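Here the structure of chain A is known, so what remains is to put chain B in place on it, guided by the hints.
Residue numbers (my numbering), protein chains in the order written: chain A, 37 to 572; chain B, 126 to 199.
What the hints contain is simulated information worked out from the structure, not anything from laboratory work.
Here the structure is a predicted model, which is why all the values come from computation and not from measurement.
Wrong hints could be hidden among the right ones.
Below, simulated DSS-like cross-link-like pairs (lysine-lysine); rule was C-alpha separation at most 30 Å, straight line [as the list claims (entries may be wrong)]:
#1 A/275 x A/433
#2 A/153 x A/133
#3 A/153 x A/275
#4 B/185 x A/433
#5 A/420 x B/185
#6 A/275 x A/248
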Amino acid sequence: MAQTKTQFGYRRHPDQDRVGTNLAEHAVVVVGAGPVGLSLAIDLAQRGQSVVLLDDADRIGEGSRAICFSKRSLEFWDRLGIGQRMVDKGVVWSVGKIFHGESQLYQFNLLPEDGHKRPAFINLQQFYAEAYLVDRVGELPAIDLRWRNKVTALEQRNDHVLLTIETPDGPYRLSARFIVTCDGARSSLRTMVGAEFAGQVFEDQFLIADVKMTAAFPTERWFWFDPPFHAGRSALLHKQPDDIWRIDLQLNPDADPVVEKRPENVRPRIARMLGHDKFDFEWISLYKFQCRRMDRFIHGRVIFAGDAAHQVSPFGARGANSGLEDAENIAWKLDRVLRGTSPETLLDSYHTERSAAADENIRESTRSTDFMAPVTSQEARLRKAVLSLAKETEFGKRMVNGGRLSVPSVYETPLSTADCDAWRGGPRPGASMADAPLTVGDEPTFLTEAFIRNGTRFTLLEFGNGAAAEVPEELGAIHIGGNGGLADPAGLAAARYDAQPGTAYLLRPDGYVAARFRHPARPALDAALARAAGIN
Amino acid sequence: MALSTGSNFAKPDDAFRAIVEAHRGLSDAQSADLDAALVLVLANHIGDLDVLNEAIALAKRRMLDASQQQQQQQ
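With the rest of the complex left out, here is chain A (with noise of 0.2 Å):
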């Protein structure tokens, strides 16, 4: 099958020779080079850290495994640098189509609107992904990757974590004020701080199959309910980089895992979907589903991010984008601790905003898979009503759920300071922020690209051409609208923040609304400033 070079070489590092009362002291350990762990330690490398990521492999996963990758993703890679080169690599798309039977029910648009830099998702087989990550880690000094490094016990003290760690060499220990877990669904970590993975177990199995074949299907997520090619089932069909296709089929809930993977096996079906048999297999691969979490996402010094800490079913796109917005909002709340410029109390909003973010994952993971497989009788004509109900009416169309795509989760956290002025749109405290086009001199750019040019920090957003607020040194500060700054012609940034002259967005560091004023005074901005970065 093919593959991209991912084979990389263990080393031997200084630490190991470190013994006894000797053991090197480290700020922040990530466990787990996956695409969260990777995207973590760049965005703290960024930001001034010194990072140790372990993994205990010397190679990228194979598998396309997470192909689908949300626009709030492409945004924070965009701030990681790499946001371009996976554009360039990834299939964009914003469509979805789905079927019935012979007949297409309706279609969705992801991003029905222009002016966002970034598109609703690309597809791009996960090891790319990882690949341009690990290129990106290469750039970094500050970023130590081991491979071939796993733990193998930890013990939590008050100020720091021992780490005991096994390689080809044999094991060493380290010393770490704190842990970030990104290693996965079946995460030994968490088995080592002793944590539950509760929740609920799928008992239908879908196949997934990676087949290489040119077709003129154009680029969108087409899903089928009782498709003419694999009856009483649901399927899949999604384009990738590559001439590649992931196809997903529903299986029976009795049928033999072993017997169903077989590419004899197989190959008719996806003959009998796609009307020819000139594809090639690159990837064949047989789950059922689970959808659970942790109850506490922090233990002691160990944070646990990505699916390590929350696992959903795949229908939504929610797994792996839902672990890089861990990753974003872990990382500047770590910056902040590590530099004591914020108490090691902010890293409860984490948990607080990151575990509310899991719960609607799985809710919406969990009501698609539902829909696709259910459970009773009647859960199966109510589903039957809704598809037949779907060809008429407007409200049956809305109802069919052949999965629902990750969209950022809405806060509500302690970070946020609540609405005084009277809004009529525009991303609320909590929200994440909106993109928009606008203009620096005569050049187009964004405002995301304007927030990355602010060093990615706690930036006021200010709209009008009056008087600039009188801003707390720490902040940054975008101004549209001001001299010789940036422009809005086409007055889509006013319309998405609701913005009228003298209007202020107090941003945090990943990108979300703290707070909002139609006309900041500096008591209210200190404030805000204050509660937005945990300090009391």
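Same frame as chain A, but now just chain B:
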């Protein structure tokens, strides 16, 4: 808006009859299909989740009453 449980039809017998007639000549399975579609259509027409939840709770109390009666008989 709260769930309205007063009598809303000028001629309640006509409304009851209309639903009964709709089921005439159907098998139990077809009737169940019809009810499923009808519930969804009416729920969407109401378009208010609180009212829907109240309606579900009111309907569901029939199930509880029935099972209590059964237990008492045993």
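| Which hints, by number, does the structure contradict? | none
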